[in-house]
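Protein chains in written order, with the numbering used here: chain A, 86 to 358; chain B, 86 to 358.
Hints are supplied without guarantee of correctness; some may be wrong.
What the hints assert, rightly or not - Straight line, CA to CA, 20 angstroms or less: simulated PhoX-like cross-link-like pairs of lysine-lysine:
1) LYS90/B with LYS138/A
2) LYS199/B with LYS163/B
3) LYS338/A with LYS265/A
4) LYS123/A with LYS90/A
5) LYS163/A with LYS138/A
6) LYS250/A with LYS265/B
7) LYS199/A with LYS163/A
8) LYS88/A with LYS123/A
9) LYS199/B with LYS199/A
10) LYS138/B with LYS90/A
11) LYS90/A with LYS90/B
12) LYS88/A with LYS138/B
13) LYS265/A with LYS250/B
14) LYS88/B with LYS123/B
15) LYS138/A with LYS88/B
16) LYS90/B with LYS123/B
Derived by calculation from the structure, the hints in this document are not laboratory data.
2 protein chains.
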Amino acid sequence: MDKVKRVERVIVMMRVLCGMPNQIIPYSRFCEMFQLAKSSVSEDVAMIERAVKTWDLGEVETVTGAAGGVRFRPRGSKSATLSFVQTLCEQLNAPERMLPGGYLYLSDLLAEPKLVRRMGDILAGPYFDQGIDFVLTMETKGIPVATMTAEALHVPLVIARRASKVYEGSAVNINFPDGKGGIETMSLARRAVKSGQRALIVDDFMRRGGTARGMIALMAEFGVCVAGLAFVLAQDGEALIADLPVHPLMYFKTEEGRDAMVVRPAPWVEQPE
Amino acid sequence: MDKVKRVERVIVMMRVLCGMPNQIIPYSRFCEMFQLAKSSVSEDVAMIERAVKTWDLGEVETVTGAAGGVRFRPRGSKSATLSFVQTLCEQLNAPERMLPGGYLYLSDLLAEPKLVRRMGDILAGPYFDQGIDFVLTMETKGIPVATMTAEALHVPLVIARRASKVYEGSAVNINFPDGKGGIETMSLARRAVKSGQRALIVDDFMRRGGTARGMIALMAEFGVCVAGLAFVLAQDGEALIADLPVHPLMYFKTEEGRDAMVVRPAPWVEQPE
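Chain A with its partners taken away, still in its complex shape (with noise of 0.2 angstroms):
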């Protein structure tokens, strides 16, 4: 084989990381596709760090140790993620959006692969360190998002059921309380999660977490441990559930005497770097 230039090299790299996020690759594997020293890579390496970071385009990052090499995590500045969040709060305040009840018309936007992926690197972000062992959603609208979410951290997506299916294996069910007075099922297989693990719980949608408390308790009943929660949309005034952690990219209040939600983002992403 001849010798490959670097810019074909920085090109095949670039595209391998892009497919991996938050996988750690080892030097040794560009070394061997391309018959290079280490030092050769580094130095390609090093030029892609540079460039993602110059443009905003995510992290690079060399992790050093025994298990060590390049590490891409789809992670943007806290300008363009703000930014990202304002657009989706403007199109979620048009009018036309509220539905009789006072429920907002959402299903379009979260089942927009281009956005709820930007909207799963986002939530990912605050847990990229957190040794998140899978991502937990209950059926059915937040299950893109946390697709998305799984996929940035590298890690399984675990589906809650309101039922238990034949085809999923032994489960086991809980019943826990809607918010709304009533009393709901949620089932998950056996064989889906292990003891010991820690969980990431993504949902869409979150108003009194109802659902999101029966979560945190079928995982109990499974030994997980749940590091935090993450919501596309949350109800403003839940800073803590169970006193884990809440990220949702948006609050939303609803108006005094008016079937009408304002949304706004939250402040975590509010925040300055």
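Following the hints, complete the assembly by docking chain B onto the known chain A.
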């Protein structure tokens, strides 16, 4: 601004392209970013095209015409696709995956982001040039793979529900035979799709095609044309449903007199280049 060097430019361009699958990015965008003439950007793109092709990392193409530019499609070689699907088959053929009653446990694979991303890229393959407007799936298990397919095609995902929900606004409900002698209901928000659009149906699993035919009937109610159906796993034998092409990654066959399935790659996946 100092002139941006080629190595830096191709890193940035590759990252932008990977993040925007199946979208045509005008050359002018890169010309502006780098304060560069179109001829230099063309040379950069040619290098990226070549590198991505050489290393089997997808497809970068120049699209000519008024709305022209450069486009990335996450399409791998036939041989890489087949070997990925063969690995999936091996995992699914493991005896511990069989559940009582002849069911196969595949929820874990369907929620592993790095696997569903790859599945979605492959399922999108035959439909890149088919003018698809959205991907339709029926809740729940197929949502992650349908999300990834929609992202690869750069179209919205639309999720049919088992019952209409107040937060989705007015909806169209249909009843359909589930293929097991019963009747099921499927619901879709009125505002989710428009008459005259073209849909690709994506789902995780098809046995008798009841749900698939339900989705086709639902689309007929909306005046939407279905271009085809893509599944992760389908029962052997169904080459067409309602005269529409069917693209499963894998076929399964239930062994006579045994509670066991045999899973193998679908013929279109096995075909040589």
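So, going through the hints one by one against the coordinates:
1. LYS90/B with LYS138/A: Holds: LYS90/B and LYS138/A sit about 15 angstroms apart, inside 20 angstroms.
2. LYS199/B with LYS163/B: The hint holds at about 19 angstroms.
3. LYS338/A with LYS265/A: Given pair LYS338/A, LYS265/A holds - Cα atoms ~18 angstroms apart, limit 20 angstroms.
4. LYS123/A with LYS90/A: Within the cut-off at roughly 15 angstroms; holds.
5. LYS163/A with LYS138/A: Given pair LYS163/A, LYS138/A holds - Cα atoms ~13 angstroms apart, limit 20 angstroms.
6. LYS250/A with LYS265/B: holds (16 angstroms)
7. LYS199/A with LYS163/A: It holds: about 19 angstroms lies between the C-alpha atoms, which stays within 20 angstroms.
8. LYS88/A with LYS123/A: holds (15 angstroms)
9. LYS199/B with LYS199/A: Satisfied, since the Cα-Cα distance of roughly 17 angstroms is no more than 20 angstroms.
10. LYS138/B with LYS90/A: Holds, at about 15 angstroms.
11. LYS90/A with LYS90/B: Satisfied, since the Cα-Cα distance of roughly 15 angstroms is no more than 20 angstroms.
12. LYS88/A with LYS138/B: Judged against 20 angstroms, a Cα distance of about 17 angstroms means the pair holds.
13. LYS265/A with LYS250/B: holds (16 angstroms)
14. LYS88/B with LYS123/B: Given pair LYS88/B, LYS123/B holds - Cα atoms ~15 angstroms apart, limit 20 angstroms.
15. LYS138/A with LYS88/B: OK: LYS138/A and LYS88/B at ~17 angstroms, within 20 angstroms.
16. LYS90/B with LYS123/B: holds (15 angstroms)
In terms of the numbered hints stated before, the structure departs from none.
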